[in-house]
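Quick mapping for you: the protein sequence lines, in order, are chains B and W.
Everything in the first sequence is counted per the numbering used here, starting at 1 for the first residue and increasing by one.
Everything in the second sequence is counted per the numbering used here, starting at 1 for the first residue and increasing by one.
In short, the hints are calculated from the structure, not lab data.
Incorrect hints may appear among the rest.
[Unchecked claim] DSS-like cross-link-like pairs, simulated, lysine-lysine; straight-line CA separation at most 25 Å:
hint : chain 1 : residue 1 : chain 2 : residue 2
1    : W       : 2         : B       : 42
2    : B       : 42        : W       : 30
3    : W       : 90        : B       : 42
4    : W       : 235       : B       : 132
5    : W       : 25        : W       : 43
6    : B       : 55        : W       : 224
7    : W       : 328       : B       : 42
8    : W       : 2         : W       : 30
9    : B       : 132       : W       : 328
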Amino acid sequence: MGVLHLKINGDDLEVAAPGHWTLLEVLRYRLGLTGSKQGCDKGDCGACTVLLDGKPVLACLTLAATVQGRHVTTIEGLLPAHVAAGGKGADPVQDAFDRCGALQCGFCQSGMMLSARALLNRNPQPSDAEIKDALSGNLCRCTGYTQILQAVELAICEAAGRTPTPRSWERASCADSGAASASDSGERSA
Amino acid sequence: MKAFEFASPVTLDQALAELPNDVAKRDSVKLFAGGQDLLTEMKEHLVEPTKLVNLKRVPGLDRIELAPDGTLVIGCLATLGALAEHAETKNFFTCVAEAARSVGSAQIRSQGTVGGNLNQRPRCWYYRNEHAPCLKKGGTECFAYSGLNKYNAILGGGPSYIVHPSDLATALVALDAQVTLRSAKGERTMALEKFYSLPSEGDVTRETVLEPAEILTHVRVPAKSGWQSTYLKFKERGSYDFALAAVAVAVKSDGAPRTIRDARLVLGGVAPKPWNVPKAAAALVGVALGSAEGAASSKRAGELAVVGAEPLAHNAYKVPLVQGLIVKAIEALAAR
Ligand SMILES: Cc1cc2nc3c(=O)[nH]c(=O)nc-3n(C[C@H](O)[C@H](O)[C@H](O)COP(=O)(O)OP(=O)(O)OC[C@H]3O[C@@H](n4cnc5c(N)ncnc54)[C@H](O)[C@@H]3O)c2cc1C
Ligand code: FES
Ligand code: FES
């Protein structure tokens with residue numbers, strides 16, 4: 001057992017935990033931050049994705065001792081960070097996932113949203129291929145991915161003040177496809 | 001995962017002092033870089049070290065630099081993500097950046113390092129299954145030989161039929177990379193190609209000639225002016241995965257139309273080490289990129305590349321696959 005000095009979601013924390021524990025174990029079993037999911041626990045699924053200094057990493061393959069002095073963002077940190085930055089309510093990515101129904105069991109969702117958030121922080125206008133690529137480390141066994149990709153697209157378009165084109169995922173990206181018809185938008189936000 | 005002591009030396013010498021000289025102890029003290037392979041091995045109880053030597057506090061080992069003579073010098077702690085994005089690597093050592101980019105997912109690339117990638121252990125599912133006492137784990141049998149061997153070696157196999165999983169190794173061998181190995185006693189440098197050993201050549205439980213007391217500190221890729229290169233990897237799924245087969249092709253060309261003067265061709269995912277096929281590469285020399293003659297020479301290179309292939313029951317598909325990748329990779333170079 002040792003004392004770890006961690007910076008999680010902006011908070012400086014001192015946590016007593018065995019020295020060989022992963023970040024995922026400390027988050028879930030010491031800090032009660034159970035939004036980071038323990039799927040495969042060996043790097044295969046992405047459900048445990050958190051941001052380390054803004055970059056997506058797998059918490060199950062990260063020793064907690066190695067993240068001392070670095071910034072960890074978990075799914076629990078997205079809403080407070082958005083509010084602290086002057087926004088209202090949930091992070092736009094979370095809001096878009098909610099409105100698009102981009103989940104079924106939800107197990108992949110927190111990792112998926114953090115990968116999307118990291119992408120949009122780095123590149124607010126990614127192409128379709130860039131979105132797919134950035135999310136490719138997060139496996140979803142339920143949705144078939146379509147609504148997930150649409151949710152990211154919705155978040156991108158809203159941030160840029162554009163109306164997303166429904167189903168544009170299968171066609172051009174919303175950035176190229178211009179305004180959507182009213183009925184299409186209705187379908188999207190249903 | 002079993003508990004272990006976690007040493008965080010702040011100099012290379014301190015790190016070297018932690019390592020055992022005794023081969024019998026090599027798995028009880030392990031170097032820890034990004035942990036993206038080692039922790040999976042520990043979780044599956046394939047290795048249960050009592051001590052990890054964390055390299056990440058040693059300053060400077062994460063640098064990627066172009067030396068004045070144009071040599072690319074990559075520190076062992078450079079992440080795959082950093083290498084994939086490094087401008088000079090992309091421009092002058094393209095296949096290396098492409099191979100780094102092809103590894104795993106963004107999550108794996110943000111922590112996985114070059115040293116860890118080159119020293120990672122095989123992915124063969126018998127090796128990775130703690131209940132299968134296979135040859136690689138000190139047992140007496142390679143279960144892949146007569147078992148489920150879809151992902152195993154078609155070249156260079158026996159007595160173990162693993163394929164080396166590193167994407168980076170294939171690309172680096174194609175560019176004649178050298179590795180520097182440091183121990184408390186001194187330093188040695190060798191061609192990366194020689195760093196890897198076949199199961200029939202050395203210790204069948206290892207894939208490299210790294211001594212227990214050594215750290216791979218740097219990779220050096222000599223300047224190659226007038227060369228172009230590409231890395232092409234075929235995966236079973238569109239998402240992240242290891243290579244079913246891969247090729248790294250490098251050509252030096254000049255004139256108009258561009259005529260190939262020298263070439264390198266290395267296969268990945270098909271053998272227990274990066275499979276360098278100089279005779280196949282020689283078949284590309286003297287022909288113009290993009291010409292009908294060039295297409296014929298790519299096919300010829302494909303035939304020569306798999307000379308000696310001995311597919312197992314479930315992996316004969318790798319022969320035409322790797323031949324197709326060779327043709328495509330050369331087409332891609334012609335289009336640049
Ligand atoms: C889901 C998943 C997908 C992956 N996909 C790919 C892929 O597509 N292609 C691919 O090539 N790899 C893949 N990998 C394998 C591997 O994790 C990464 O390639 C990564 O680069 C390993 O680097 P690391 O720094 O995390 O290594 P670590 O896990 O820290 O170390 C790996 C091994 O190398 C040794 N080591 C580390 N540094 C040194 C050094 N400097 N000198 C000597 N020995 C050293 C360690 O002791 C250990 O035995 C994947 C892994 C996972 C979990
Ligand atoms: S729980 Fe970490 S990748 Fe699956
Ligand atoms: S919603 Fe169930 S895994 Fe994605």
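Verification of the hints:
1. W:2 to B:42: With a Cα-Cα distance of about 15 Å, the restraint between residue 2 of chain W and residue 42 of chain B holds, given a limit of 25 Å.
2. B:42 to W:30: holds, 18 Å
3. W:90 to B:42: violated, 30 Å
4. W:235 to B:132: holds, 16 Å
5. W:25 to W:43: Given pair residue 25 of chain W, residue 43 of chain W holds - Cα atoms ~19 Å apart, limit 25 Å.
6. B:55 to W:224: violated, 33 Å
7. W:328 to B:42: Measuring from Cα to Cα gives roughly 34 Å; hence the hint is violated.
8. W:2 to W:30: Holds: residue 2 of chain W and residue 30 of chain W sit about 14 Å apart, inside 25 Å.
9. B:132 to W:328: Given that 25 Å is the threshold and the Cα spacing comes to 24 Å, the pair holds.
When held up to the earlier numbered hints, the structure conflicts with 3, 6 and 7 and fits the remainder.
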